[in-house]
Amino acid sequence: MTSSALNLNYLQAKKGIFSWIFSVDHKRIGLLYLYSLITFFLVGATLGILMRLELLNPGKDLFEAQTYNQIFTMHGVIMIFLFIIPSIPAVFGNFFLPIMLGTDDVSFPRLNLLSWWIYVIGAIMAISTLMFGDGPADTGWTFYAPYSVKTGTNVTMAVLAAFVLGFSSILTGLNFIVTIHRLRTPGMTFLKMPLFAWALYATSWIQLLATPIIGITLLMIAAERVLGVGLFDPSIGGDPILYQHLFWIYSHPAVYIMALPAFGIISEVLPTFSNRTIFGYKAIAFSSLAIAFVGYFVWGHHMFTSGMSGTARIIYSILTFMVAIPTAIKVFNWVATLYKGSIDVQPPLLYALGFIFQFMIGGLSGVVLGALAADIHLHDTYFVVGHFHYVMFGGTGFAFFGALHYWYPKIWGRMYNKLVANIAFFILFIGFNLLYFPMMILGLMGMPRRYYDYLPEFHLPNMISTFGSWVMAIGLLLMLGNLIAGFRRKREKIGRNPWGTGITLEWQTLSPPPVANFDRMPVLPKDGPYDYDHKPEIKE
Amino acid sequence: MRTGASTFAEGVDLSLYIIAGIAVFFLVGITVVMIYFVIRYSRKRNPKPTNIEGNNTLEVVWTVIPTILVLVMFYFGWMGFKPMREVPDNAMVIDAYAQMWKFSFQYPDGKVTDSLVVPVNRPVKLNLHSRDVLHSFYVPAFRLKEDMVPGGNNYLWFNPNLEGRYDILCAEYCGQLHSYMLSSVTVVSDTEYQTWLTSAPGNTEEHPGLAVLKQNACLTCHSQDGSKIIGPSFKGIFGKTEIVLTDGIEREVIIDSAYITRSIKNPNADIVKGYMKGLMVSYEGIVTDEQIVDIIDYIKNLK
Chain A
2 MTSSALNLNY LQAKKGIFSW IFSVDHKRIG LLYLYSLITF FLVGATLGIL MRLELLNPGK
62 DLFEAQTYNQ IFTMHGVIMI FLFIIPSIPA VFGNFFLPIM LGTDDVSFPR LNLLSWWIYV
122 IGAIMAISTL MFGDGPADTG WTFYAPYSVK TGTNVTMAVL AAFVLGFSSI LTGLNFIVTI
182 HRLRTPGMTF LKMPLFAWAL YATSWIQLLA TPIIGITLLM IAAERVLGVG LFDPSIGGDP
242 ILYQHLFWIY SHPAVYIMAL PAFGIISEVL PTFSNRTIFG YKAIAFSSLA IAFVGYFVWG
302 HHMFTSGMSG TARIIYSILT FMVAIPTAIK VFNWVATLYK GSIDVQPPLL YALGFIFQFM
362 IGGLSGVVLG ALAADIHLHD TYFVVGHFHY VMFGGTGFAF FGALHYWYPK IWGRMYNKLV
422 ANIAFFILFI GFNLLYFPMM ILGLMGMPRR YYDYLPEFHL PNMISTFGSW VMAIGLLLML
482 GNLIAGFRRK REKIGRNPWG TGITLEWQTL SPPPVANFDR MPVLPKDGPY DYDHKPEIKE
Chain B
112 MRTGASTFAE GVDLSLYIIA GIAVFFLVGI TVVMIYFVIR YSRKRNPKPT NIEGNNTLEV
172 VWTVIPTILV LVMFYFGWMG FKPMREVPDN AMVIDAYAQM WKFSFQYPDG KVTDSLVVPV
232 NRPVKLNLHS RDVLHSFYVP AFRLKEDMVP GGNNYLWFNP NLEGRYDILC AEYCGQLHSY
292 MLSSVTVVSD TEYQTWLTSA PGNTEEHPGL AVLKQNACLT CHSQDGSKII GPSFKGIFGK
352 TEIVLTDGIE REVIIDSAYI TRSIKNPNAD IVKGYMKGLM VSYEGIVTDE QIVDIIDYIK
412 NLK
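Quick mapping for you: the protein sequence lines, in order, are chains A and B.
Read in order, the letters of the first sequence are residues 2 to 541 in my numbering.
Read in order, the letters of the second sequence are residues 112 to 414 in my numbering.
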C-alpha cells in the first residue's frame, strides 16, 4: 500500500524555493520557522558572547558604552521576540501538533503561512534598525519609558517590529486552539491528547489573549515618539509606571508562552525513553492550565521597587508564590515518571534531564525573587539576569534542542551521530552553568544589570562567566555541526519508530512523514496516549 | 554578600537564607533521586518497565507540602519587607535627586551634596525624585532599593547601624553612562556628622558658574578639556561657529549667550551635528537666570 505518489514524503513532494516559502504544508512551515529561528538564535548568541567579552574585565575592552547598550538591547529583542517566543510552538507545534492529533494539517493552513510571512516581515523590520535611522535602540528589550521616548536611537522601528511580530504569535495561537478543538482524530478526547498538545493549548490561549496588550502598548510608545502624545513621559503629561503595568501585563504571561511548550516537550521525551506511561497525566495537563491562568495575575512582581503601594506588593508576592505550586507538581511527576521505567539514555533524554536540573535552579531562584524582602535587594541585579537565563535558556532552550534531537529522525528520516551529540550536550551543560551561575553570585553581591562597566569587586565572577560563554559556544557549535553533518551521513534505514519506544501518533507514520501525514489510519492506544500496556503494534 | 549595614539587612538576609536553604534541599534532593532512577532503572538493569499511571496520595502530598513551604517563604519575605514601608516619625528627611548620570542630595538646611553623609543609628527618609528618566537608588549594604521616577513621589528610609562608606548604585537602566552613575553613603558618628554639616560647602574660591555646572551634573556629559563625552565640550565653545540641526534641517549658528540660554532651557531645539537628540532635559526652572549668566561667564573663559 506504500507505493502511489500519495506517499511521497513531504520533503520530496515538490522542489524549488517557492514550493517552500509559499507552502501551506504545516511540516514545511515548521521547517521554515526552524531555519529562520536558528539563524536569529545564532545572531543573538553571538551578540551575547560579545557582551560577555566586554565584561571580561572592568573598564573598556571592546566597545563604547553606547554600542554595548545597543548590543544588549538587540540581544534581548532578537532572543525574546525572534527566537524564544515563537520557538517550540512555531517549529515543533506546527510540525507535530497535527500529526500527534492524527490529522493532516492545522485548521487554517493559509493563515499558518501568513503567520510565517508576518514573522519574516517583523524580523526584517527589527534588523533594519541596524542599517537605517539613528542606530538600533539602546533601551533594553523592555523599552521602558520615558527613556524610550527620549532617546535618539531608532526605538520607533524596533517597537513597530515587535508589534508586527505579535500578530504572527496571535495567528499561530488561534490556529492551534481551533485545530485542537476541531481536528482531533476520532476517539481522541481531550483527556487522551498527548501532553505536548495540552501544553500548546494552554500556551495558545495566552498568545491569543495577552499579545494584543503589548501590541497596543508598543504602538503607544511609537505614537508618543512620533506624534508627541503624552502617555508615558511625565514631562509631557504621561505616567511611566502606567507603561510598566501595560508592558508586564503581557510580558509576564509571555514568560509562560516561552516555558509551557517546553514542559510539553519534556512530558513527551520522558515516557519514550523510560518506556513507560507518564506519571500523573492529569496533574501535568491541568497544572499547565493552572500556570497559564495564575500567570496572568503576577505581573506586579516586575515592579516591586517601582513605587507601588506596600499592599499591592504583598498581594503580587503571594500570587507569585502560587505559580510555584503547579510548577513543583510538574517536576515531581516528571521525576516519578523515571521510577521503575526501563531507561534508555539517549541524547534527547539528556537534554530533558538537563532541563529539569536547570529549570529547577531557574524556578527556585524565581521563588527567591518572589519574596519581597529578598527581591528588594536583588531586583534589577545580575541575579535576575541569571534567573531568567536559567528558565529561558537552561529551560526552554534546552527543551528546544532536546526536541530537535528527539524528532530529528522523524523530520528528516536520518540519524545524527549519537556519541557526538552526547559529548556536545555535556560541553553545553557545563558551559551553560559556568556562564550563568556566577551571575547569581554577582546579583547577591549587588551588581546591577545592564552594566557596561563594573566595580573591581565584581571582577572574578564576571571572568568565570565569560569563560563559561566560550565553553558554551563550543558546545553549541558542536551540537549544531553534528546535526548538520547528520544530513550528509549515509542514509541508514530509519523506521517509523526509530527510538523503538515512541507511543504518540507521529511514531506510527513514515520517517519523514508523507505529505498527508499518514499512509494508514493511526491507531490510538486503548487507555490514553501513554498506555504502554496496550501499545499498538507498529508494522514497517 | 556584603556585610549588612542597616536594620533591614537582618530581615532580608533571613528571608534569603531560609529560601536558599529550602531551594538547595529540593534541588539536591530531586537531582539525586533523578540520577538514582536513571541508573537504577536503566534498560540494562531493568529491561521490563512497570507502568504506574499515578498515585493520588502522592499528588496530594506534593501539592500540600509545596503550598505550606511557599506560604512560609512568602511570610519571611513579607516580614523582612514590612519595616521598609514603616517610616519612623523622627526620621531626618533628605531629598534625593537623580538625573543622567548623577545623584544629588538636599539636606533639610539646604545643603546640597553629591554623596550622602548620615549619622549612625538615626533613621533617614529619602524622598526620591528624578529629573529625566527612571533611575533606582540602590545601596547593596543596606539591602535597599527603590526606583526614582520622574513625576513620581517615591520614598524609602533606612536606619544605618554600622559606620563606614557604602556604594550607592543606579539599578534602573538609564542610558549611556548608567554603570557610571555611582555615589556613596558615609555613615559617621553623631559628632562627626555635626562637624560635617556645619563645614563650609566645598571650595569657596570656585567660580560660581563652575559651581552651578557641578551641582547640576552638566560636566558628566560636557567636558572642560575638549574631549567628547555625550554632549559638546565646553572648552573654547563660546564664539565658535557650529552646524546645528533645527527640526532636522542643518544651519550654522554662532555660540553666543542667546544660544547657550536656549540650549539650557530647550536643549532639543538645536542639536549640534554629530550629537544625539533627546538625551538632555530642559533645565528651565532648575537653573535660574542669574545662574545662567554665571555659567556663560564661566564658559566664556574656558579657552
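These aren't lab readings, by the way, just hints derived from the structure by calculation.
Keep in mind that a hint or two might mislead.
Below, a list of computed lysine-lysine pairs in the DSSO-like style, where the Cα atoms sit at most 30 Å apart [unchecked claim]:
(1) A:K527 / A:K540
(2) A:K61 / B:K388
(3) B:K159 / A:K193
(4) B:K384 / B:K351
(5) A:K61 / B:K384
(6) B:K346 / A:K61
Derived coverage of chain A by chain B (criterion: at least 3 residues anywhere in the stretch with Cβ under 8 Å from a Cβ of chain B; other residues may be distant) [to be verified]:
(7) 312-322
(8) 330-337
(9) 357-364
(10) 443-451
In this text, a Cβ means the ideal position worked out from N, Cα and C, and glycines have one as well.
Quick check: do three or more residues in the region 357-364 of chain A have a beta carbon closer than 8 Å to a beta carbon of chain B?
holds (count 4)
Is the hinted pair K346 of chain B and K61 of chain A satisfied, with a Cα-Cα distance of at most 30 Å?
25 Å, holds
Sort out whether K351 of chain B lies within 30 Å of K384 of chain B, counting only the CA atoms.
Between K384 of chain B and K351 of chain B the Cα gap is close to 14 Å, so the pair holds against 30 Å.
Whether chain B covers the region 330-337 of chain A (at least 3 residues having a Cβ closer than 8 Å to its Cβ atoms):
With 6 residues closer than 8 Å to chain B, the region 330-337 of chain A meets the three-residue bar; holds.
Verify the proposed pairing of K527 of chain A with K540 of chain A, using a straight-line Cα cut of 30 Å.
18 Å, holds
Given the hinted pair K159 of chain B and K193 of chain A, is their Cα-Cα distance within 30 Å?
Cα-Cα ~24 Å, so holds.
Holds or violated: are the alpha carbons of K61 of chain A and K388 of chain B at most 30 Å from each other?
24 Å, holds
Verify the coverage statement for the region 312-322 of chain A against chain B, using a C-beta to C-beta distance below 8 Å and requiring 3 or more qualifying residues.
holds (count 5)
What's the verdict on K61 of chain A and K384 of chain B, does the C-alpha distance respect the 30 Å limit or exceed it?
26 Å, holds
Counting residues of the region 443-451 of chain A that have a beta-carbon nearer than 8 Å to any beta-carbon of chain B, does the count reach 3?
n = 6 at 8 Å, threshold three: holds.
Checked against the numbered hints above, the structure breaks none of them.
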